[in-house]
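*Asks:* Fit chain B to the given chain A structure using the hints.
Just so you know, the protein sequences line up as chains A and B, in that order.
Everything in the first sequence is counted per the working numbering, starting at 1 for the first residue and increasing by one.
Everything in the second sequence is counted per the working numbering, starting at 1 for the first residue and increasing by one.
Think of the hints as simulated: they come from the structure by calculation, not from any bench.
Heads up, a few of these hints could be off.
[To be verified] No more than 25 Å apart at the CA atoms, straight line, and that leaves these computed lysine-lysine pairs for DSS-like: (1) A:Lys76 - B:Lys50; (2) A:Lys52 - B:Lys123; (3) A:Lys71 - B:Lys50; (4) A:Lys71 - B:Lys123.
Computed from a predicted model, the values in this text were never measured in an experiment.
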Amino acid sequence: MKLADIVAKDAIIADLQAQDRDGIIKEMVEKLVAAGKISQEHAGDIIKSIVKREKQGSTGFGKGVAVPHVKHESIKSLVAGIGRSGSGIDFAALDRAPVYIVVLLLSPQDRPEEHLQAMETIFRHLQRDTFRKFLRQAQTVDQIYDLVKEAEEIAA
Amino acid sequence: MRESERDISDQRFSGSGRSDGEMPVNLTKSGSMNKEKDNQVVGRVRIINKMGLHARPAMQMVDLSNKFSSRIRICKDRQCVNAKSIMELLLLAACDGTELTIQAEGPDAADAVDALTKLVESKFDEE
Numbered sequence: 001m002k003l004a005d006i007v008a009k010d011a012i013i014a015d016l017q018a019q020d021r022d023g024i025i026k027e028m029v030e031k032l033v034a035a036g037k038i039s040q041e042h043a044g045d046i047i048k049s050i051v052k053r054e055k056q057g058s059t060g061f062g063k064g065v066a067v068p069h070v071k072h073e074s075i076k077s078l079v080a081g082i083g084r085s086g087s088g089i090d091f092a093a094l095d096r097a098p099v100y101i102v103v104l105l106l107s108p109q110d111r112p113e114e115h116l117q118a119m120e121t122i123f124r125h126l127q128r129d130t131f132r133k134f135l136r137q138a139q140t141v142d143q144i145y146d147l148v149k150e151a152e153e154i155a156a
Numbered sequence: 001m002r003e004s005e006r007d008i009s010d011q012r013f014s015g016s017g018r019s020d021g022e023m024p025v026n027l028t029k030s031g032s033m034n035k036e037k038d039n040q041v042v043g044r045v046r047i048i049n050k051m052g053l054h055a056r057p058a059m060q061m062v063d064l065s066n067k068f069s070s071r072i073r074i075c076k077d078r079q080c081v082n083a084k085s086i087m088e089l090l091l092l093a094a095c096d097g098t099e100l101t102i103q104a105e106g107p108d109a110a111d112a113v114d115a116l117t118k119l120v121e122s123k124f125d126e127e
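The following block holds chain A by itself, in its conformation from the complex (with noise of 0.2 Å):
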C-alpha cells in the first residue's frame, strides 16, 4: 500500500486554523466531508468517535506526529487526510511533545488487514527523519501532495 492510495489531496489542510486536539480532529473530518470522502450525516458521530478513542490513549505517538483513527460502519474505502499546524497542538502525546502533523485515517468496520496496512504504511513514512522535516516545511497543500506522491521515492 502506498501513502498517495490513501491520503485523499482534497482533505490536506496546509495550515490548521484550530489551536487544541478536539478542533483539529473537527477541522479535518469536515474537510473530508468538503472533499466528499465522507457524507455529513455520519460526520458527528465519526468526530465524536475519533475524540473518544484519543482520550482512551493519545495517537500522539511522539516525535510531533499524531495519527487519530477510527473504524466506523460509514466508510466503505479507507482515506485519510493530513493537517499541518505551524504553531504545533498540544496532542497529549506520549512524549508530551507538541504535534504539528496530524494524519487522520478513517477505516471500514469490516476489513481490519486493511487498516493494519494503512497505519503501516503511514508510519513507515512518519519514522524518517526527513519526511517528517519536509512535511514540517511544506506550505501549501500541493507542497504536502508532491511529499505523499514522492514518498516511496524519497525513502529508497
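*Replies:* Then chain B, alone, in the frame of chain A:
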C-alpha cells in the same frame, strides 16, 4: 494520565532496547518457550483477535514490555522490532492469524515472554 504511567511514557515512543542485529534463536514448537542461555528466552505466539495488532493492543504491549528491564523484540517472519516502541510495533501490521516470535534478553526475560504471550492470548481483552 496517572503519574505511574507518566514515568514510563518517555520510553513508549523511543523504546530502550536495540532494534538492530539478530539474536541467535533456537525455536521449539509453536507456543512453547525455549531458554537459550541464562538470560535469553524465546517464545512464539499467534495473534488471535479479529482486529490484529492495531494501535491499542500495540500500546498494551509497549506498556507491558516497559515493566521489564530485558531487551524485548517482536518478530514477524524475518522482521524484528523493539517491543517498547509503539511506532515500530505498528510496522509489523500483524493481523489475525499472524505468528509472532518474542525474543527477550535480560534478567527478567522469562517473565517478559510469559507475560507478553498471555497478553496476546487474552486477545487484548477485545473480544
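*Asks:* The structure should be examined with respect to each hint, and the outcome stated for every one.
*Replies:* Taking the hints in turn, this is what the structure says about them:
no., hint, verdict
1, A:Lys76 - B:Lys50, "holds (19 Å)"
2, A:Lys52 - B:Lys123, "holds (21 Å)"
3, A:Lys71 - B:Lys50, "holds (13 Å)"
4, A:Lys71 - B:Lys123, "holds (18 Å)"
In terms of the numbered hints stated before, the structure departs from none.
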